[in-house]
Amino acid sequence: MIRPMTHPRGHGIGLVFGAMACLLLAGCGTLKGADAAFMNLVGPSTQSQVQGRYLDTADVRQYYKLDPQRVTAQRLSYDGMAIPAGEIRQHNVVVIPPLQAYLQGIVTRLGKGWPGELPALQVKVIDSYGFGPSADPFGNLFVPLGMLDNVQSEDEIAAMLGHEMSHVLLHHHDRRAAFQQQNAMLTNVATSIVLAAKVADTRVDHRSDTLKFVSKDPQRTQKTVSNTVLYTALMNSFSENIWSTAWGRTQEDQADLLGADLMIKAGYAPRAASHSLQRLSDFQGKQQSLLASFATARKNALQESVQNLQVDRLVKEVGVTLNQGLTTGISAAGQYFQRSHMSPLDRDTELRQYLQRQYDGQRRARVNADGWQQLRASTAVAPSLQAYKDAYAATVALEQRQVREARLFSERALASPVRDQPGIRRAQFSVEMAEGKRREALQALQAIKDWSLASPELYDLMIAHHLLNKDPHAALAMIAQAERTLGSEELFITEKLAANQQLKDDAQVKELARKCTQYPTRKDGCKKLLPA
Amino acid sequence: MTRTTFLLLAALCSPGVFAATVEAFEADPLTLLDAHGKSQGTLALKDAPKLPLPVLESNPNLELVQVELGGRKVWLDTMDLRLSEGKVVTTPCERLSNSQKADTRNASTIGFGSGCNKP
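Quick note, the sequences are listed as chains A and B, same order. Read in order, the letters of the first sequence correspond to residues 1 to 532 in this note's numbering. Read in order, the letters of the second sequence correspond to residues 1 to 119 in this note's numbering.
Be aware that a few hints might be false.
To be verified - Calculated pairs, DSBU-like style, for lysine-lysine (alpha carbon to alpha carbon, straight line, at most 30 Å): (1) Lys528(A) x Lys515(A); (2) Lys87(B) x Lys50(B); (3) Lys527(A) x Lys504(A); (4) Lys112(A) x Lys87(B); (5) Lys389(A) x Lys437(A); (6) Lys65(A) x Lys112(A); (7) Lys389(A) x Lys124(A); (8) Lys389(A) x Lys46(B); (9) Lys265(A) x Lys87(B); (10) Lys124(A) x Lys87(B); (11) Lys504(A) x Lys515(A); (12) Lys265(A) x Lys38(B).
Stated by the list, open to error - Some residues of chain B that are not near chain A, with every Cβ distance over 10 Å (derived): (13) Lys46; (14) Glu68; (15) Leu69.
Said to hold, decoys possible - Beta-carbon label-pair distances, calculated as ranges: (16) Gly52(A) x Ala24(B): 22 to 32 Å; (17) Asp420(A) x Ser39(B): 54 to 64 Å; (18) Glu85(B) x Ala380(A): 33 to 43 Å; (19) Thr42(B) x Asp370(A): 58 to 68 Å; (20) Ser39(B) x Gln49(A): 36 to 46 Å; (21) Asp59(A) x Ala24(B): 39 to 49 Å; (22) Gly52(A) x Ser39(B): 54 to 64 Å; (23) Asn61(B) x Lys112(A): 38 to 48 Å; (24) Ser378(A) x Asn61(B): 34 to 44 Å; (25) Gly371(A) x Asp47(B): 19 to 29 Å; (26) Glu399(A) x Thr42(B): 28 to 38 Å; (27) Asp47(B) x Ala380(A): 21 to 31 Å.
Simulated from the structure, these hints should not be mistaken for laboratory data. For glycine and all other residues, C-beta sits at the position ideal for the given N, C-alpha and C.
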C-alpha cells in the first residue's frame, strides 16, 4: 500500500505532497501507466509481468475503442496545426512511390491484427541515416533511410513498424503532456501553500494609525515556505529525471510486446524482432545491463522508498546510488535513471522469453527476405535509394574536405529520378557553397519541386536568402509555405516580423510583435528587431 | 596463385567456417535439431555445458548453428542463443548530425531506440 510521505520537519506539507502524488498515480487519466513505471524502476521487467498475450490484456483492451476527440486529432498532415517549434519533424521527406506503397502495405497488414479501432497511420520515409524509426502522436511513422539500408527482410521492417504503431495505439505520447500538466499542478499547489501559510501567519496591527500586517511566527512561516519549495523541486526533479524516463522505458517494453503480437498475427516471423534489436545494439554500441551489480545493491533501498512514496528518502538513495556508481568507476551509473530505452540486448532477451512463453509454436518461423530484397533491387526503387546514398556520401566527403569527391557524388545523385527532392538538392547546395559558387547554390535550392517535403533547415536557408536580398514578398511566401507544411507559426515568426518591417507594414509588425511574446524562445529575437 | 594461398582463401571463404561463439542460452529447455532444423530432442539448461561454446558450423538460411554438447554434434536454433556476432548496422554514423538522438531532436516523436554510438 502506498502511504503518504512523512518528514520530521514538514509533516503537513509532506502529507499534502504525498496525497498529491497518490492522486496523480491513482486518478488522473493522462497519467495512465505511470504506476507501471515504478515497477520498471525497481521491480521485475514489464515483459515478465505480462500474463498471457499482451494484446489481450486489460491494459491494452482499454485502447481498442478510439476516443472520438482523438480521431479528429489524428492529422496526417501538419497543416493548420500549432505545433511548437521544438516538436516538428526535422528531416526532409523522401518520396519513392513503390517503396512508400510497400511500407504502407506492411502497416495495413499489421493493422489488421489490431482487434480495436485503428487510427490513421501513415509511413513517411525521411532523409536520415539513423537506424531507428519513430512515431508522432498524429500517426506519422517516420522511417529513416538508414534503417532501410540495413534491414534484410520484410519481417524485420514489420517488427520495427509494429513497435512504432504500438506507441500510437497505446497513446504513449500522452506521457509528455502528463508531465507538463503535473509540473504546472505542483507549482500551483506550492504557490497556494505558500500563500496560505503567509495568510495564516499574518495578523493586522491596529495599534498604529495606518493599517499594518505583522507576521505572528516568521521563523515557522519561513520553514513552511522553504519546505514547500524544497518538496516542489524534489517532486518535479524526481518526475523529470527518474519517473518520466522509467515510464518511457516501460512504454518501449510495451511497444516491443504489442509489436510482436501484431507481427505474429500478420504472419511475420517474430525472430525478425530479435534481428532488429541486435542491429540496434550494434548501432548504439554496447551498453551495460540496466540491472548491473551496483544497481542491484541499491535496489532494495530504492524499492522501499518508492513503495512508501518517501520522496526525500528516495532522492537521497538515488544520490547514494549515483555516487557509488561514480566512485566505483561504473560509467553507466548516471544512465541507469536517465536512459530512455533499456539496453537493446536486454529488450531482446525479454522478448525472446515472452515469445517462448506465448508463441512457442510460431517463434521458430523463418524470415522471408526475398520480397524486400527484390523491391530494394528493382529499377523503380534502387536508383533513388542509391541517389540518397550518394548525397549522403557527398556530405561525408565535404566534412572530410574532399570537395572534388563530393562534387562527383552529388552529380551522380543529380542524375537520378529523385534529383529535385530536398535531400538531393541540399547536398548539391553544400557542394556549390564549398566551391564558393553562391549563385549556383541558390539555384540548387530553387530547383526543389515540392517544398512540402522540405525540412525546417531548408526553409530557413531560403527565407534568410530572401531577407538578405531585401525581397520580403518572396520571404513571406516561403514562410507561408513553411507554416502550411510544418504547422508551426512559432518557427519563423521572427523572420515574418523582419519581412513585414521591410514592407513597412506597421499593423502586421505590431500584431506579430504581440504574438511573438507568447513564444518564450522567440520573444528575445523579436525584441531585438523592434525599436526600443 | 600458389596452392597454399588458394587453400587459405578457400578456407576463409567457406560458408562452414564460423568464428563465433555461443555467449548465452536464451531458452530452457534447449531444442536439439538436425541439420534441416528438425527436432531431435531437448536439453535442460542445467545440463548444458559451460559458456562460451565454440560454433563449429553455421547455416545462415535456416539460422542454425552446430555446436558440440557432451561429445555430440548438434544443431541449435539461433533464437535459443546469444551469439558473439549478432546482426549489424553497416552504416557509420558518428560524423553525421542526422543520426543524433531522435529524442533530443524532435520532442514529439518516440523512437525505436536512442542515437548512434558506432565508431
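Quick rundown of the hints versus the structure:
no., hint, in the structure
1, Lys528(A) x Lys515(A), "holds, 15 Å"
2, Lys87(B) x Lys50(B), "holds, 24 Å"
3, Lys527(A) x Lys504(A), "holds, 17 Å"
4, Lys112(A) x Lys87(B), "holds, 29 Å"
5, Lys389(A) x Lys437(A), "holds, 23 Å"
6, Lys65(A) x Lys112(A), "holds, 15 Å"
7, Lys389(A) x Lys124(A), "holds, 18 Å"
8, Lys389(A) x Lys46(B), "violated, 49 Å"
9, Lys265(A) x Lys87(B), "holds, 24 Å"
10, Lys124(A) x Lys87(B), "holds, 25 Å"
11, Lys504(A) x Lys515(A), "holds, 18 Å"
12, Lys265(A) x Lys38(B), "holds, 24 Å"
13, Lys46, "holds, 17 Å"
14, Glu68, "holds, 22 Å"
15, Leu69, "holds, 19 Å"
16, Gly52(A) x Ala24(B): 22 to 32 Å, "holds, 26 Å"
17, Asp420(A) x Ser39(B): 54 to 64 Å, "holds, 56 Å"
18, Glu85(B) x Ala380(A): 33 to 43 Å, "holds, 34 Å"
19, Thr42(B) x Asp370(A): 58 to 68 Å, "violated, 32 Å"
20, Ser39(B) x Gln49(A): 36 to 46 Å, "violated, 30 Å"
21, Asp59(A) x Ala24(B): 39 to 49 Å, "violated, 30 Å"
22, Gly52(A) x Ser39(B): 54 to 64 Å, "violated, 26 Å"
23, Asn61(B) x Lys112(A): 38 to 48 Å, "violated, 29 Å"
24, Ser378(A) x Asn61(B): 34 to 44 Å, "violated, 23 Å"
25, Gly371(A) x Asp47(B): 19 to 29 Å, "violated, 40 Å"
26, Glu399(A) x Thr42(B): 28 to 38 Å, "violated, 53 Å"
27, Asp47(B) x Ala380(A): 21 to 31 Å, "violated, 53 Å"
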